[in-house]
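J.: Listed below, chain by chain, are the residues.
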Amino acid sequence: QQQVKQSPQSLIVQKGGISIINCAYENTAFDYFPWYQQFPGKGPALLIAIRPDVSEKKEGRFTISFNKSAKQFSLHIMDSQPGDSATYFCAASSGDTGRRALTFGSGTRLQVQP
Amino acid sequence: DTGVSQDPRHKITKRGQNVTFRCDPISEHNRLYWYRQTLGQGPEFLTYFQNEAQLEKSRLLSDRFSAERPKGSFSTLEIQRTEQGDSAMYLCASSSDRRDTEAFFGQGTRLTVV
Chain A
1 QQQVKQSPQS LIVQKGGISI INCAYENTAF DYFPWYQQFP GKGPALLIAI
51 RPDVSEKKEG RFTISFNKSA KQFSLHIMDS QPGDSATYFC AASSGDTGRR
101 ALTFGSGTRL QVQP
Chain B
1001 DTGVSQDPRH KITKRGQNVT FRCDPISEHN RLYWYRQTLG QGPEFLTYFQ
1051 NEAQLEKSRL LSDRFSAERP KGSFSTLEIQ RTEQGDSAMY LCASSSDRRD
1101 TEAFFGQGTR LTVV
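Same order as they appear, the protein sequences are chains A and B.
45 is the number that our numbering gives to position 45 of the first sequence; each next residue is one higher, with no gaps.
With positions in the second sequence counted from 1, the corresponding number in our numbering is that position plus 1000.
Just to be clear, a hint being listed does not mean it is correct.
[To be verified] In the EDC-like style, the derived pairs of lysine to aspartate or glutamate whose C-alpha atoms are separated by at most 20 Å in a straight line are:
| # | chain 1 | residue 1 | chain 2 | residue 2 |
| --- | --- | --- | --- | --- |
| 1 | A | Lys42 | B | Glu1102 |
| 2 | A | Lys42 | B | Glu1056 |
| 3 | A | Lys42 | B | Glu1083 |
| 4 | B | Lys1057 | B | Asp1100 |
| 5 | A | Lys68 | A | Asp84 |
| 6 | A | Lys71 | A | Asp84 |
| 7 | B | Lys1071 | B | Asp1007 |
| 8 | A | Lys57 | B | Glu1102 |
| 9 | B | Lys1057 | A | Asp96 |
| 10 | B | Lys1011 | B | Asp1024 |
| 11 | A | Lys42 | B | Glu1068 |
| 12 | A | Lys58 | B | Glu1028 |
| 13 | A | Lys5 | B | Asp1024 |
If you are wondering where the hints come from, they were derived from the structure by calculation, not from laboratory data.
None of these values were measured; they are calculated from a predicted model.
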């Protein structure tokens, strides 16, 4: 059972445009929601993360919007650049057991066209 | 390099052979995770160590898989009697108790079973 659903599967955006990736979760025990960026042949790299006590977090061109009641969160990439072309994964973890294993979405392949 | 290090980067093996992968976490990190990532999918949790203790194993970790973390430093993941379905990227991640939500990933070991 997929606990974190991510969409779209792929996304093409023009340089300077806004990229938006959406995720929805089912497990209400999740209390930490990171986004990871992965380039081909590399491991995922932590990009930005949010906890459910805030509705938005911004770091540079990257913003997470969080809707706790809808159990949804999204990543917005402003002024998208060709260097942002990568696969993006949303994820979630729970502090219930203290182990913090991550549950990942299926990924969004972003292509930013020059 | 102070990041998470994995070795080898690539491994091609014949079906039925045993393989072993190594992960060296960030030196001050006591938490270590193994994930498996198949093509076009997000990473899936396999197992978790806190120091030398293996505290959680996913249902994905069949009897052919075994992981160790002697002395709470590096970790090894062994797959016995490999099958074609084991072909995937095996990722290691580490974090600390103090910042348990921030998991840093290695570049992974790409396993191909022929």
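J.: Next step is simple, just say for each hint if it's right about the structure.
T.: Checked hints:
no. : hint                    : in the structure
1   : Lys42/A <-> Glu1102/B   : holds (18 Å)
2   : Lys42/A <-> Glu1056/B   : violated (25 Å)
3   : Lys42/A <-> Glu1083/B   : violated (24 Å)
4   : Lys1057/B <-> Asp1100/B : holds (18 Å)
5   : Lys68/A <-> Asp84/A     : violated (27 Å)
6   : Lys71/A <-> Asp84/A     : violated (26 Å)
7   : Lys1071/B <-> Asp1007/B : holds (19 Å)
8   : Lys57/A <-> Glu1102/B   : holds (16 Å)
9   : Lys1057/B <-> Asp96/A   : holds (16 Å)
10  : Lys1011/B <-> Asp1024/B : holds (17 Å)
11  : Lys42/A <-> Glu1068/B   : violated (24 Å)
12  : Lys58/A <-> Glu1028/B   : violated (28 Å)
13  : Lys5/A <-> Asp1024/B    : violated (31 Å)
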